[in-house]
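Work the whole structure out from these sequences, hints included.
So the chains spell out like this:
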Amino acid sequence: MRGTTPIVAALFWAAASPVKGQDISVSGYVGTQTLHFTQDGLGADTINRLNAEIQARGALTDTLSFELRLFGSTPLNGQGGDYFDPRVAKLTWQAGNWQADLGYDTVYWGVAESQNVVNIINQREQILDLQGDLALGQPMFALRYFGPSWSIEGYVMPQFRELEYGIDGRRWGFGFPVDQSAATFESPDGDDHVDYALRFAGSVGNLEYGLSAFDGTLRRPVLVLDTTAGTLSPHYVQGKQYGIDLQYTAGATLFKFEGIHVNPDSSAAYEAAVYGIENVLGDVFGNGWETTVFAEHNWDSRGVSGPAIFQNDLFLGARINFANLLDSQLTVGAMYDLDNGGLLGSVEFDTRLTDQVSLNAEYTFVSADNPDDTLFSASGFDQLKVQLEWNF
Amino acid sequence: MLKTAIRLTTIALAFAATAALAGDVQDPTSVMNKSRDMRKGLTNSVSDVVMTIKSGGQTVKREMRQYVLEVPRDGNRTINVFSKPADVNGVSVLTHSALNGNDKQWLNLPSVGRVKRISSSNRSGAFVGSEFAYEDLASFETEKYSYEGVERQSLGGKQVLAVTYTPKYSGSGYSRLRSFLDTTTYQPVEIHYFNRRGEHAKTLKLSKYKSYGSGGIWRPHRLVMSNKRNGNVTQIDFSTFRANGTAAGSFNSNQFARVK
Chain A
28 MRGTTPIVAA LFWAAASPVK GQDISVSGYV GTQTLHFTQD GLGADTINRL NAEIQARGAL
88 TDTLSFELRL FGSTPLNGQG GDYFDPRVAK LTWQAGNWQA DLGYDTVYWG VAESQNVVNI
148 INQREQILDL QGDLALGQPM FALRYFGPSW SIEGYVMPQF RELEYGIDGR RWGFGFPVDQ
208 SAATFESPDG DDHVDYALRF AGSVGNLEYG LSAFDGTLRR PVLVLDTTAG TLSPHYVQGK
268 QYGIDLQYTA GATLFKFEGI HVNPDSSAAY EAAVYGIENV LGDVFGNGWE TTVFAEHNWD
328 SRGVSGPAIF QNDLFLGARI NFANLLDSQL TVGAMYDLDN GGLLGSVEFD TRLTDQVSLN
388 AEYTFVSADN PDDTLFSASG FDQLKVQLEW NF
Chain B
72 MLKTAIRLTT IALAFAATAA LAGDVQDPTS VMNKSRDMRK GLTNSVSDVV MTIKSGGQTV
132 KREMRQYVLE VPRDGNRTIN VFSKPADVNG VSVLTHSALN GNDKQWLNLP SVGRVKRISS
192 SNRSGAFVGS EFAYEDLASF ETEKYSYEGV ERQSLGGKQV LAVTYTPKYS GSGYSRLRSF
252 LDTTTYQPVE IHYFNRRGEH AKTLKLSKYK SYGSGGIWRP HRLVMSNKRN GNVTQIDFST
312 FRANGTAAGS FNSNQFARVK
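As given, the protein sequences belong to chains A and B, one line each in that order. Each residue of the first sequence is one higher than the one before, starting from 28 at the first, in the working numbering. Each residue of the second sequence is one higher than the one before, starting from 72 at the first, in the working numbering.
Since the hints were derived computationally from the structure, they do not count as laboratory data. From the three backbone atoms N, C-alpha and C, an ideal C-beta is built for every residue, glycine too. Heads up, none of these hints are tricks.
Label-pair restraints from in silico Cβ distances:
#, chain 1, residue 1, chain 2, residue 2, range
1, B, Leu-178, A, Gly-105, 35 to 41 Å
2, A, Phe-349, B, Tyr-280, 31 to 37 Å
3, A, Val-221, B, Pro-143, 44 to 50 Å
In silico DSSO-like links for lysine-lysine, alpha-carbon gap of 30 Å or less:
#, chain 1, residue 1, chain 2, residue 2
4, B, Lys-155, A, Lys-412
5, B, Lys-187, A, Lys-267
6, A, Lys-412, B, Lys-187
7, B, Lys-229, B, Lys-281
Written as structure tokens, this is what we have:
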């Protein structure tokens with residue numbers, strides 16, 4: 028985590044500074060996470076960790092403000108090590124229609140639910156979340172200009188964050204263990220390579236759109252098998268990615284499209300897309316619950332013989348919001364491989380238990396019988412994750 | 072002869088009196104437009120809001136900050152930033168009200184940095200388990216309703232103007248609404264909501280009216296919604312409205328996520 032220390036120290040000084048002290052707010056959570064593998068296999072059956080996040084924000088002057096979202100995790104039953112991640116640790120300058128950010132930030136691009144192929148700025152937070160929704164903080168300098176219904180954003184990213192495979196002691200289900208210490212980079216600058224991104228986004232009527240371009244280290248590695256060691260090691264390649272994302276809102280139905288064209292420096296260009304609909308069914312059970320359904324197709328031009336997990340997969344999902352005092356919600360989803368017949372599914376329940384305490388329980392399961400299916404090695408790694416958080 | 076003259080005069084006077092009364096009360100649309108005019112003018116305001124939900128013996132307090140921008144010849148723009156309960160702290164919703172009721176909404180989820188345009192179609196659904204439906208919390212634009220009638224009535228010993236109207240937009244949970252307006256300020260003190268079966272399902276009481284600005288811009292600071300069927304009550308309390316909580320540009324979908 029080179030380079031973090033001075034930025035984080037500066038931000039803590041800023042947070043402690045008496046300047047505009049009344050504008051500073053602090054919040055966050057402390058919680059436990061239990062990961063239980065429901066089938067016998069290699070490694071521990073249950074991994075327990077203590078997670079915490081502290082959030083602070085405040086104004087330093089009329090144009091300068093700071094924001095922090097610092098996450099830390101430590102093992103409780105001896106499995107794995109500690110890690111710390113600044114999801115957000117930045118200074119923001121705002122004047123008129125301009126905004127500049129310096130430091131760690133989390134930037135989300137995308138409209139779909141099953142996968143966000145255009146979402147390239149941040150590395151995925153693969154330890155906490157297998158579905159790719161959570162992100163590791165990305166060091167950057169970002170400059171944004173806001174028009175009335177559109178915006179232009181440019182990013183300079185001087186440090187690359189690797190995907191984490193080993194820190195929490197969990198098993199990954201790739202068929203071989205992943206040796207993260209053997210990670211390699213196509214660029215001689217390694218993780219110091221400076222990456223660039225640009226995005227133009229806006230809305231016109233009921234259409235939201237985004238056009239993006241990225242040049243640098245592609246976030247998802249190629250896993251290279253070392254046959255003598257019997258391990259997989261991540262190899263990070265250089266390339267360009269161009270993306271488009273669209274959402275059209277028509278009453279109860281949202282139409283979504285994300286598409287990318289990826290041009291790696293040393294291998295063939297390819298495309299990937301995810302597109303589908305979200306429909307708010309409303310109160311179908313007649314008791315006040317709000318039900319929403321999702322259907323998306325995921326496609327990768329490299330096809331069934333390529334490295335993509337979702338090369339021709341159909342996602343179906345439903346969310347029920349119980350509209351109760353505890354904001355309880357049930358989400359079920361399944362990704363079905365139309366070529367190989369494999370299934371990746373999850374059932375997730377989210378609720379508050381008291382004003383301060385919330386619960387999240389998620390069961391993820393894989394069913395893949397075809398050895399050609401990238402998911403095949405993951406069957407047998409069904410897992411139940413339970414998180415209990417005290418929020419302040 | 073005199074008797075006929077007296078009878079005719081009495082009838083004529085009766086007609087004159089009726090005509091005077093009718094002219095006095097006006098038509099429902101102009102009454103509601105006048106009501107709207109007497110609460111507009113804060114342009115850009117912010118207020119701290121506490122919602123207390125009592126349901127089935129349990130009580131939950133939700134806190135949020137509401138920013139409102141009045142837009143000439145269009146619906147209001149609103150940003151609601153939630154702070155309590157703590158697990159939704161920082162979540163915010165931007166609403167661009169449309170005069171025809173087809174509001175646009177965006178949801179900001181700070182834990183993942185995502186801003187999402189969401190569907191506003193579930194108008195009759197309950198907001199976070201409270202007695203307020205999404206359509207109850209939406210900005211009152213007179214163009215969203217068709218007005219059936221207005222008449223003078225007595226409510227709790229006080230003279231009010233009762234306006235009956237029905238929603239023009241789809242997906243409403245109501246067959247009609249009846250608003251009881253104060254005869255001086257033209258602001259509603261009570262609203263009755265009739266469900267799709269025509270039953271009086273909910274009652275909203277609006278109180279703690281304060282006048283802002285020199286021209287008298289009226290805003291209620293307490294709303295109490297009672298469910299007639301199950302007795303559940305949700306109360307919303309507004310702090311004093313402050314001017315210019317955030318710049319007008321913040322009410323655009325590309326910038327509202329910065330507003331806390």
